[in-house]
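Given these sequences and hints, build the entire structure.
Note that the working numbering numbers the sequence shown so that position 61 is 61, with each residue one more than the last.
FYI, nobody ran anything at the bench for these hints, they're computed from the structure. Beta carbons are placed, not taken as given, at the ideal position from N, Cα and C, and that holds for glycine. Each hint should be verified, as a subset may be incorrect.
[To be verified] Using C-beta positions, here's what the derived DEER-type ranges look like:
| # | residue 1 | residue 2 | range |
| --- | --- | --- | --- |
| 1 | 31 | 85 | 20 to 28 Å |
| 2 | 83 | 8 | 19 to 27 Å |
| 3 | 4 | 190 | 22 to 30 Å |
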Amino acid sequence: MGALCSSPETIFLARGNHEDPELHWMYGFKNECLGKYDTETYQVICEFFKSLPYAHVIGTSVFVVHGGIPPQPITLNDINNLPRGNIFMQDANVPELAANLLWSDPQNNEGACNSIRGIGCKFGPDIVNRFLSDNNLSLIIRSHEVKTQGFEYTDNHKVLTIFSASHYGGGRNNAAVAQVMFTSNFRSPKVDIVVLGHGVLPVNSETPHQVILAILAIIFIVLVDYLMVMLS
1 MGALCSSPET
11 IFLARGNHED
21 PELHWMYGFK
31 NECLGKYDTE
41 TYQVICEFFK
51 SLPYAHVIGT
61 SVFVVHGGIP
71 PQPITLNDIN
81 NLPRGNIFMQ
91 DANVPELAAN
101 LLWSDPQNNE
111 GACNSIRGIG
121 CKFGPDIVNR
131 FLSDNNLSLI
141 IRSHEVKTQG
151 FEYTDNHKVL
161 TIFSASHYGG
171 GRNNAAVAQV
181 MFTSNFRSPK
191 VDIVVLGHGV
201 LPVNSETPHQ
211 VILAILAIIF
221 IVLVDYLMVM
231 LS
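Structure, rendered in structure tokens:
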């Protein structure tokens with residue numbers, strides 16, 4: 001949030017599944033916030049979380065989301081048209097699409113099935129291929145799952161999971177960030193993975209047409225120096 005306030009033209013946040021009051025309570029954010037500030041400040045933060053977009057498009061070909069995609073066909077316009085300001089996950093009327101964007105995970109098997117998380121789904125390579133083809137995209141970058149090396153490619157390098165909180169929950173996982181660069185047409189992304197053994201961010205070199213994407217535990221930050229198309 002501080003980074004967004006300091007550089008609103010180059011920092012973009014997307015909503016994650018933990019930006020929700022029920023998880024604030026479960027994982028300690030609410031108590032920490034109330035201990036350091038007050039109820040009014042916490043409520044303002046909740047409103048801010050509700051206003052965050054569910055996804056971004058980098059360049060014209062990389063889809064960035066916290067969780068995943070739904071089993072049924074959707075377009076970027078469907079995501080763009082999702083209501084934001086009045087939805088939390090515990091609400092009975094939460095759209096299924098929103099739940100999938102925040103909670104779903106990829107799987108190796110074709111098709112889709114319910115997630116053991118109790119919300120969202122597990123989606124297979126065929127679901128990924130259809131979504132990318134329907135929306136003229138080439139790559140999904142997402143978070144939501146701890147990876148031992150900090151990252152993992154699945155679905156023939158069409159899905160990249162980045163997790164940039166090292167030693168999550170006291171574990172031994174590395175953190176990682178993805179550096180995404182494009183050619184002049186913004187259609188052919190080149191992705192470099194930087195593994196952060198202790199969660200230390202590398203020095204940012206001011207390379208033209210470069211984005212440094214850092215998903216910090218429950219949200220990710222996209223630093224951009226080039227043309228970006230953002231869903232909001």
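For each hint, the structure was consulted:
1. 31 with 85: 20 to 28 Å: Distance hint for residue 31, residue 85 holds at roughly 25 Å.
2. 83 with 8: 19 to 27 Å: For residue 8 against residue 83, whose Cβ atoms are near 23 Å apart, the range 19 to 27 Å holds.
3. 4 with 190: 22 to 30 Å: holds (26 Å)
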